[in-house]
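First to last, the sequence lines map onto chains A and B. Under the working numbering, the first residue of the first sequence carries the number 381, and numbering increases by one thereafter. Under the working numbering, the first residue of the second sequence carries the number 4, and numbering increases by one thereafter.
In short, the hints are calculated from the structure, not lab data. Small disclaimer: the values here were computed from a predicted structure and weren't measured. Ideal Cβ positions, reconstructed from N, Cα and C, are used throughout, including at glycine. Incorrect hints may appear among the rest.
Interface residues of chain B toward chain A, partial, derived using beta-carbon atoms under 8 Å [to be verified]:
#, residue
1, 16
2, 21
3, 32
4, 36
5, 48
6, 180
7, 292
For the chain A half of the interface with chain B, some residues (derived, Cβ under 7 Å), not all of them [what the hints assert, rightly or not]:
#, residue
8, 470
9, 473
10, 570
11, 575
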Amino acid sequence: MDHELLGRTERASGEGARTVAEFFGPSSAPLFGVRDIPRDASGAGVVICSGLHGEFVRNHARETALGRSLCALGISVQRFHYRGTGHGADLEGLSFESMRQDALTAAHWLMDSEGCDRVAFVGTRWGGLIAAAAAEETEAPLVLWEPALSAKHYFRELFRLARINDLREENVSDRSGDRLDELHRVGVADILGYSIQLSLYESAGMVSLDSVLQGRSGPILIVVISPRGSISPGLVELVAGPALVDTHVIPMMEEPWWFAGGRDTIEEQALVTSLIPVTTAWLEKRLETTGVPS
Amino acid sequence: MTDSGSYRETPIFFPAGDETLLGVLTEPRSGSTEGTVVLVPGGAGTLDGVNRNRLWVRLARDLAARGCHVFRFDYHGAGESTGESEPLRLDRPFVSDLKGATRWLTAQGLGQQVLVGSCFGARTALAAAEEIPATRGLVLATPFVRDVEQGQRMATLMAVGWSPREYLRRAVTLRTVRGLFDRGRRDVYLTVARAKVRALTGRGASGHVGGRKSMVSRNFLDPFQSVVSRSIPTLLLFGEDDDAYHEFLQEREGVLGRILDGTGRLIDVETIPGRIHGLRSLVSQESFLSHTQVWLKRQGFIREMAGV
């Protein structure tokens, strides 16, 4: 794949590992990425597909921690900002397909840069749909943290959250209240100060986790955070399907993905203490690494 | 959307104190002005160089297209920077992080620096400006003039405003005693008590405002006085419904007003309808961008305005 390195910086990240931050991909519209490079690479790699906007902010430290944990086992890790998000190139017409392509670009970049011969995908929330779509029809191991079940369900939940926030902040006078109407009228909806573009909404259409996992033979780990200690009915159906699906439930208060706060330091530490080791151990086994490099 | 051919971007890890922070330098591709704008991260949830809804990314690229170098960065413990995250306190802004950024920029020959920050970022910019000789301008959006910890604003305002007698009366109620058994409420009580002690011991600004004790912080006043003394052009930008603006108006009647009087055009105070604190709406973000760019153009830091 003909992609360029467009600017790069590097720092040591402990125990001989390095962290590289760079712009890469097509020079006309580069992605921004951060790669964790182990001291002794095993040839395995993981691409982390982040969630959208508030989800990205909320989950970032956990994704960084996952990267360090995997790196310690010799697994190279690529995190990235989709074009149209974060430090990525501006993109008119952000779409589900552009995000899926970016995940694949990141995977190829990781494989080319670090010589990885096998790659897994990790996705959170909306990033779960992206990761699943990128891994579609492959046997790449796939980890889904609190994945969105479908685009339709996801956006409905977002619009509802935005409306609740309007009422909470007594911010109703200048809005119709209907984010879907706003989206169609002006091409963008304001979700807690983040733009959701009509192009993304329309392009995602009928995408669902079930549809992108159809025909998949590779292993899947689904991690959910649930006060009831159980997975939702929608995921139960998925798990019961033919794919090789493992699940892990973290019994905690539901994650307020689009809001700041909601968990104190102790609760966050408890979450990370469960989330990272489970994910790392599962990936280590599926990527057939041989443990801590000497 | 800014024409991507008008700028280029370079990521950089740079030292700040004991930590290594990530920054992104956005440079104009053709012809540059003298200024370098440093975008200082804001408050909770926006501690990185992207900011809510990519506000810093968009502003950086717009300004670079108008000839300005722009630098954005992640605080320690946030984004891709090293270090542990810590609670945000207005009396302990992350000055070391910002000084690391400006030191690196100065070493690159980018020494005419304009610091732009919102909320906690505004207080960081103001505090650091005292110690950064290269500061040539400041844009401070919703800078709180009183010191409050993240999430403790209303409680602290009430306690500091109460008389000692009222404070004691409320402290010995059954509700308050019950609260001592809840960790979260104990933290609030401690913060409120600290604020009260500061006010009583005069560690807030001295003097009275309209018959009540002034609550403007010395951590705001002292660097602000320094900015005025050094004749650094400054924009104070508020939303008309922001708590920070109401505090500012109250304190303007006292010592803060005496500093502002006589500054002429040096200190611009501008307001925007509604709230801009936290930049939690697309409308507030566009207003902030517009006002910032107009002011920067007026000060000669950028060449043209972006569709204003």
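Structure-based check of all given hints:
{"no.": "1", "hint": "16", "verdict": "holds, 4 Å"}
{"no.": "2", "hint": "21", "verdict": "violated, 13 Å"}
{"no.": "3", "hint": "32", "verdict": "violated, 13 Å"}
{"no.": "4", "hint": "36", "verdict": "violated, 22 Å"}
{"no.": "5", "hint": "48", "verdict": "holds, 4 Å"}
{"no.": "6", "hint": "180", "verdict": "violated, 22 Å"}
{"no.": "7", "hint": "292", "verdict": "violated, 13 Å"}
{"no.": "8", "hint": "470", "verdict": "holds, 5 Å"}
{"no.": "9", "hint": "473", "verdict": "violated, 10 Å"}
{"no.": "10", "hint": "570", "verdict": "holds, 4 Å"}
{"no.": "11", "hint": "575", "verdict": "holds, 6 Å"}
The structure does not agree with the numbered hints 2, 3, 4, 6, 7 and 9 stated previously, though it agrees with the rest.
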